[in-house]
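Colleague: full-length UniProt numbering applies: residue 1 is where the sequence shown begins, and numbers increase by one.
Worth flagging that the hints you see were computed from the coordinates, not collected in a lab.
Just so you know, these numbers come straight off a predicted model, no measurement behind them.
Think of the CB as a built atom: it goes at the ideal place given N, C-alpha and C, for glycine as much as any other residue.
A couple of the hints might just be wrong.
[Claimed, not checked] Label pairs and their computed distance ranges (CB to CB): (1) ALA73 x PRO185: 33 to 41 Å; (2) GLY80 x GLY218: 51 to 59 Å; (3) ARG268 x ARG14: 34 to 42 Å.
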Amino acid sequence: MKLATYNIQYGIGRDGAYDLARAVKTVATADVIALQEVERGFARTRRDDQPALIEALLPDRHVVYAPLFDRDASERLADGRVRNARRQFGVLTASRWPILSARAEILPKHDGGAFFNLTTGFLETIIAAPAGPLRLLNIHLGHLSEPERLDQIAALARRLAGAADDGGPWSGSDRDAHEWESPEPAPAPIATVLMGDFNTAPGEAAYAALAALVSPEGEAFVDAWTAAAGPGEPAVTYYTNPAQGAFEDSRIDHIFVPAWLGSRLAIRIDADADGSDHQPVFATIPALGRAANAAGDETPEI
């Protein structure tokens with residue numbers, strides 16, 4: 001299974017040109033794709049409905065969009081009717097396999113005063129991967145401050161802990177005559193993976209808090225880059241950008257996997273991608289099943 005995470009900056013590349021297809025093409029070979037900063041209804045991107053365009057660009061994928069930021073963009077027409085429209089900004093997950101369920105959650109936001117800040121959060125999806133259901137959290141943490149990110153990670157920790165006990169997106173059976181079309185039990189994920197733009201780099205307090213998270217399956221997480229490439233390997237996912245408050249190159253886009261997968265994956269950062277102000281991160285997992293991992297089986301890539 002090939003995973004990819006990419007903050008596409010709504011399709012505006014390092015050259016300043018808007019080209020959504022260029023950004024999407026960069027990660028199109030991955031089986032499961034987590035995109036951040038996907039929008040609809042903004043003038044800077046021609047008022048495009050980017051989730052719909054991405055779905056068209058990836059016609060063989062299952063797609064779910066979570067608009068973590070949502071504001072009014074409607075207008076009243078001359079005849080008094082309202083043309084409803086929303087201006088939205090969020091995350092999108094695409095998968096080669098069915099997305100069995102999806103839940104979005106807004107994370108805590110701090111008031112930055114004169115400094116621009118907006119709501120962020122994550123999209124939890126359960127993906128019907130060949131080896132068993134995979135829980136994927138497509139995450140975008142805030143850029144405002146370290147205290148905000150620490151609050152967000154604390155909320156994320158509570159959500160992960162609660163997921164072990166809430167029975168999934170649905171539970172039990174429906175006695176109502178109006179069927180919910182879900183007679184099967186909710187899927188029980190065999191692994192949880194966290195991917196996205198975390199706006200925090202190794203050595204920072206928020207990164208340490210991320211590394212201390214525990215999955216609903218009771219597993220510790222590891223940074224896939226550190227586990228597979230080694231902490232000494234050069235790695236940049238966001239280059240120096242003083243206009244955005246970034247005064248040095250950093251690695252702020254991550255993939256966290258269960259510790260038992262850490263030694264079995266391959267990872268790379270596409271340093272040549274120019275479809276955004278971030279660089280995409282790819283991880284290839286040869287097997288999801290813990291039994292195969294414990295036995296040392298050479299399970300084919302899934």
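Colleague: Now tell me, hint by hint, if it's right for this structure.
Modeller: Right, here's what the structure says about each hint:
1. ALA73 x PRO185: 33 to 41 Å: Distance hint for ALA73, PRO185 holds at roughly 40 Å.
2. GLY80 x GLY218: 51 to 59 Å: About 58 Å separates the Cβ atoms of GLY80 and GLY218, which means 51 to 59 Å holds.
3. ARG268 x ARG14: 34 to 42 Å: Because 19 Å falls outside the window, the suggested range is violated.
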